[in-house]
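Here is how the chains run, residue by residue.
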Amino acid sequence: MSDSVFTQLLDLACGAFLLTAVVVLWRRELSVIVDVFALQGVALATVPLLIGWHEGRWDLAAVAAGIAVLRAGILPHLMRRALTATTAPPHADEDEDDGASYGTNGPYGTASWDRTDGAHSPERTDRTDGTHRYRADAGEARETQPLVNVAASLLTAALLTLLAYAVSRPLIALDPSPATRALPVGLAVVLIGFFVLTTRRRALSQVVGFLLLDNGITAIAFLATSGVPLIVELGVSFDVLLAVLVLQILTTRMRTAFGTTDLDDLRELHD
Amino acid sequence: MNAHASALWLCAPVAVPLAVAALYAAARRRPLTPWAALVSPAAVLGSAAALSSSAAGGGAVPALGGLLRADALTVWMLLAVGAVALPACAAGPAYLAGERAAGRGGERFVRRYQVLVHLFLGAMCTAVLTANLGVLWAAVEATTIVTAFLVGHRRTRASVEAAWKYVVICSAGIALAFLGIVLIHHAARAAGVPEESALHWPTLLAYADHFDPPVIRLATALVLLGFGAKAGLVPLHAWLPDAHSQAPAPVSALMSGVLLSVSFMAVLRCKAIADAALGTGYTRVLLTAMALLTLALAAGLLLGQRDYKRMLAYSSMEHMSLIALGAAVGTPLALSAVLLHITGHGLAKTVAFCSSGHLLQLRGTSRIDGIRGLLAQAPALGAAFGLAVLALLGLPPFSLFASELGIVRAGFAAGLGGPTAVALVLVLIAFGALSARTARMLLDGRPVPSPTPADAPSFVPERPEGSRGEGPVAAAGSGTAGSRTAVLPVAGARPPETEARPVRLGFAAGLPLVLSLSACAVLGVAAGPLTRLLAAGAAVIGGQ
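Chains as they are written, first to last, in this note's numbering: chain A, 28 to 298; chain B, 187 to 730.
Hints in this document: simulated from the structure, not taken from any laboratory.
These figures come from a predicted structure and were not determined experimentally.
Just so it is clear, CB atoms sit at the ideal spot from N, CA and C, and this is done for glycine as well.
A few of these clues could be false.
Said to hold, decoys possible - Cβ pair distances, simulated, as ranges:
no.: 1; chain 1: B; residue 1: L581; chain 2: A; residue 2: L181; range: 36 to 42 Å
no.: 2; chain 1: A; residue 1: P203; chain 2: B; residue 2: G490; range: 49 to 55 Å
no.: 3; chain 1: B; residue 1: S704; chain 2: A; residue 2: Q172; range: 55 to 61 Å
no.: 4; chain 1: A; residue 1: A193; chain 2: B; residue 2: G467; range: 55 to 61 Å
no.: 5; chain 1: B; residue 1: A475; chain 2: A; residue 2: L182; range: 29 to 35 Å
no.: 6; chain 1: A; residue 1: L268; chain 2: B; residue 2: L701; range: 46 to 52 Å
no.: 7; chain 1: A; residue 1: I258; chain 2: B; residue 2: A475; range: 30 to 36 Å
no.: 8; chain 1: A; residue 1: W53; chain 2: B; residue 2: L209; range: 46 to 52 Å
Please build the complete structure, drawing on both the sequences and the hints.
Have a look at this one:
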């Protein structure tokens with residue numbers, strides 16, 4: 028592969044990587060956001076594949092395969108399961124075993140339950156505990172009211188990208204190469220991830236924000252130094268996987284305890 | 187010490203807790219005795235003792251091809267982990283028995299508790315022992331994941347909320363630290379460090395003066411923010427009071443006593459690299475700012491605190507900020523004082539959290555208002571809690587007095603008089619708040635007032651919640667009702683059992699507390715054979 032083709036393909040992958048992060052900001056349906064996140068995982072896996080091809084390092088191809096499996100396969104799958112479990116009726120999960128009973132209701136249970144509940148019980152739920160159970164259920168699968176609206180979010184994403192280019196100038200100057208020149212894209216995704224984390228109110232959106240952050244850091248690692256040592260990469264991937272598993276279980280428990288996954292309702296603990 | 191023996195001693199603190207965790211997980215048919223939990227801290231302390239002779243001389247013991255490495259700082263931190271884990275694990279059986287008596291902890295809960303606590307210990311020891319910055323990061327992140335379910339063990343609203351905040355804030359915060367480590371890796375590769383050792387801490391330190399300053403500046407800021415989040419420093423500290431107040435008491439002791447310091451040790455390692463690359467000015471400004479902001483926040487929130495477990499959590503933030511201030515000063519005296527403070531705070535905070543756990547099981551409330559005249563009603567428990575708070579206030583003979591004095595003296599001597607003076611004023615405020623509240627809990631003989639309706643919503647349900655099938659509303663309702671029934675008899679006539687006979691703490695629950703308090707006091711009077719190790723540890727992170 029010639030240098031110019033490599034640069035173009037790498038820029039294409041990085042462009043797709045950034046674009047998917049922006050689309051996450053744009054869309055409100057949580058299921059769409061998870062799909063877009065899976066696409067971003069594919070774009071991210073392309074980066075080490077291209078670098079490995081260019082430098083003739085086939086170990087990087089194996090790393091790319093691992094990243095694709097984790098970030099485009101397993102993590103989106105876990106998030107879809109959390110989504111199914113949280114949009115299903117909030118039956119108290121009585122069995123002690125975490126993770127055994129999720130997703131048993133399937134996607135169709137959701138709609139029918141919303142309908143029956145919406146027909147004759149909103150007053151009851153509002154009166155009994157004040158957790159706005161009815162309103163939350165109607166929007167449980169959507170990011171209904173982010174703290175910053177979509178137009179302002181997209182504008183902020185543009186500003187964050189500019190900031191990323193400004194901040195990463197010393198990083199590029201250290202070792203100018205086609206890969207390092209694409210590095211600000213990774214930093215922009217890190218910043219967008221933080222923005223999603225702080226302004227989105229659904230539990231699952233926060234998980235996506237955290238994973239965007241992590242994808243961005245992984246991209247930076249590949250673009251700057253073709254990746255951290257394998258043992259570190261393995262440790263990090265394992266940690267991320269477990270963190271998402273923990274968050275998935277906590278999302279379900281949050282739904283059981285609060286009746287919603289709206290993070291604005293987390294108000295038990297304060298000074 | 188030959189290579190095999192040193193490899194054995196280096197691997198033991200990681201391998202033994204993991205093995206104990208596996209045993210607890212495997213023993214489903216016949217549950218393992220809770221006292222088997224003491225094997226892990228004993229292994230950690232034993233390894234630290236075995237490694238101390240070679241480390242105190244300033245040498246370092248490598249193993250597993252440089253993946254693990256023990257220098258004086260490592261050995262000191264291992265001692266701290268072991269010294270805190272021993273009483274915390276010894277307090278486990280009493281805590282679990284109390285939970286079972288309250289109808290909360292079944293066989294499953296006990297097994298899960300022990301497995302997670304030992305995985306937690308193993309992860310902390312990995313973080314302490316590794317020489318690879320990337321592995322250090324992965325181990326610190328693993329502690330977050332392992333402790334998440336311990337924080338959220340109750341499944342009440344407060345518990346789930348604390349666990350969620352804990353995982354999200356800590357994971358996102360520490361991701362920043364990983365970005366910093368990636369940038370250090372970038373700088374190291376550009377400076378010609380070979381790929382296989384580009385995250386190896388001693389190699390990085392040796393090459394540090396060739397690193398590109400702007401990149402290292404960015405990386406250091408990220409690492410301080412990230413590991414600072416896990417150490418309870420501003421700006422990503424919000425998880426700390428929630429998590430520490432919701433976790434089981436022995437786990438709170440471990441989290442507050444050593445996990446914060448282990449994360450801060452990661453800051454110290456990266457600070458050594460940054461100082462070699464940039465000079466000491468940069469990290470000094472950053473750490474001083476973080477320390478003073480954290481201290482101001484902790485002192486301010488201690489003033490209005492109504493929950494004694496949260497009070498102890500804010501006291502941890504206060505002490506971590508003193509440790510950060512000492513690290514900012516960076517002279518040999520300051521760094522020795524920092525290391526001494528880490529151990530002293532760990533021991534005192536363990537006693538404070540473990541006794542607060544007994545108190546919670548005894549009274550069913552974590553509100554300061556709900557507890558009066560403890561010293562008369564439960565003398566041993568009251569004395570243990572009171573002495574631990576006295577130690578945390580920095581009174582002699584406890585070692586925190588010596589280390590705080592050392593940090594302050596070093597601060598004035600190193601030309602950081604202004605920040606040190608501000609810190610002293612803030613510590614004084616915290617001192618007043620902490621001592622006034624504890625005195626009210628321990629000594630005040632007046633009856634407890636019944637909670638006003640305005641206070642009720644902020645009350646965290648701590649009473650047994652009846653059957654599991656109850657919804658959150660019923661749980662919260664029974665919690666509030668429970669607090670009233672717990673409180674009202676005291677408000678009317680003093681309950682007969684506490685009037686007639688003071689509550690006894692029991693030998694098994696009391697001994698770990700007594701041992702920790704006396705260790706903290708002995709350490710304050712004379713460090714003895716540990717003095718050389720302390721000086722060598724300070725030298726490792728820059729105090730020549």
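Looking back at the hints listed earlier, which ones does the structure fail to meet? 1, 4, 6
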